[in-house]
Amino acid sequence: MGELHNMPFMCMDAHREQFRGVKSEMWVFDLHEHSWPLYRNPSVAQCATMLVPLLSFFDAKEFHSFSVGYTTRRGDAGRNVINLIQYGDRTGWKLSYDRKLYALAIERVNAQIGEDEEAGHDPKGTQLSLLGTCYSRLNRHADAILIGERMLTSINLLGPGAPAAMFNLGQWYYRAGEIDQAIEAFRKVVQLESERLIAPELLDTALAMIKRCTYHSDLERLTQ
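Anchor point for the sequence shown: position 110 equals 110 in the numbering used here, and the numbering is continuous, going up by one each time.
It should be emphasised that the hints constitute simulated quantities derived from the structure, not laboratory data.
Certain hints may be false.
Said to hold, decoys possible - What follows is a list of derived Cβ distance ranges for each label pair: (1) P200 / A142: 27 to 37 Å; (2) L138 / G88: 30 to 40 Å; (3) A60 / T153: 28 to 38 Å.
Stated by the list, open to error - For lysine to any residue, the following SDA-like pairs were computed, each having C-alpha atoms within a straight-line distance of at most 25 Å: (4) K124 / A77; (5) K100 / E118; (6) K100 / H64; (7) K188 / A208; (8) K188 / D204; (9) K100 / A119; (10) K124 / A60; (11) K211 / K100; (12) K61 / R40; (13) K188 / I210; (14) K100 / R137; (15) K100 / N139; (16) K100 / G75; (17) K100 / A142; (18) K61 / I198.
Just so it is clear, CB atoms sit at the ideal spot from N, CA and C, and this is done for glycine as well.
Please model the complete structure; the sequences and the hints are all you need to start from.
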């Protein structure tokens, strides 16, 4: 399929029967069926629109195999297509983040958030989480904390994403040196996760962070 889009060809009714698996776990598209040439390369959105009906029939392993094959053949263009499908990324922020280009990722995710807000849509938790992480990696801790607090006002604290959002906020408090606030956030994670046990590894990590924060807090008091 990646080679099809590189040619460039388009196929608007891609379906599972047009693919066959091979030993390398790549997925190969039968190019002779239902495809026609284009005079220029298809956009990210065009490629994603073509693939979404097909990918809805894949399980997690098949999606991974297809994604590996597609991005291997298309490089960054293919990664942007998969990121649009998987994360709703329209501006390329995920690729920038993966390459540790945090300032560029901030610019791109803010551009998408701005577009969404103009259309009357709230930003997604994934976008806000990545934005806060980018700010934190650039030592812009105050900005990261503002994003974390915004996340908590926009989600249901009883929902499945609340513990992870609270944990991120705790990390950003910790990196900013606001230890007491970090401890409070991590304790909230423990409370939320103890009630539902959805992500036990997150619970264990939050407990470890409480110990670390408490150690730093006690050490600071002793040295004052």
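Outcome of the hint check:
1. Between P200 and A142 the beta carbon distance is about 32 Å. The supplied range of 27 to 37 Å therefore holds.
2. Checked against the hint of 30 to 40 Å, the C-beta distance between L138 and G88 comes to roughly 24 Å, which is inconsistent with it.
3. Checked against the hint of 28 to 38 Å, the pair A60 and T153 passes, with Cβ atoms roughly 32 Å apart.
4. As the CA atoms of K124 and A77 are separated by approximately 23 Å, the hinted pair is consistent with the 25 Å bound.
5. Between K100 and E118 the alpha-carbon distance is near 28 Å, which puts this suggested pair outside the 25 Å criterion.
6. This hinted pair checks out: K100 and H64 have alpha carbons roughly 23 Å apart, not beyond 25 Å.
7. Taking the CA atoms of K188 and A208, the gap is about 14 Å. The hint holds against a cut of 25 Å.
8. About 13 Å separates the Cα atoms of K188 and D204, which keeps this hinted pair within 25 Å; it holds.
9. With a CA separation close to 29 Å, the supplied pair K100 and A119 exceeds the 25 Å bound.
10. Between K124 and A60 the alpha-carbon distance is near 22 Å, which keeps this suggested pair within the 25 Å criterion.
11. With a C-alpha separation of about 29 Å, the suggested pairing of K211 with K100 is violated against the 25 Å cut-off.
12. Restraint check for K61 and R40: not satisfied, since their Cα atoms lie roughly 32 Å apart, outside the 25 Å limit.
13. Note on K188 and I210: the hinted pairing holds, with a Cα-Cα distance of about 11 Å set against a maximum of 25 Å.
14. Proposed proximity of K100 and R137 is supported: the alpha carbons are some 9 Å apart, at most 25 Å.
15. For the suggested pair K100 and N139, the alpha carbons sit about 14 Å apart, so the restraint of at most 25 Å is met.
16. A C-alpha spacing of about 17 Å is found between K100 and G75, which places the hinted pair at or below 25 Å, so the restraint holds.
17. At roughly 20 Å between alpha-carbon atoms, K100 and A142 fall within 25 Å of each other, so this suggested pair holds.
18. Our distance criterion of 25 Å between C-alpha atoms is met by K61 and I198, whose separation comes to about 22 Å.
Violated hints for the displayed structure, listed by number in ascending order: 2, 5, 9, 11 and 12.
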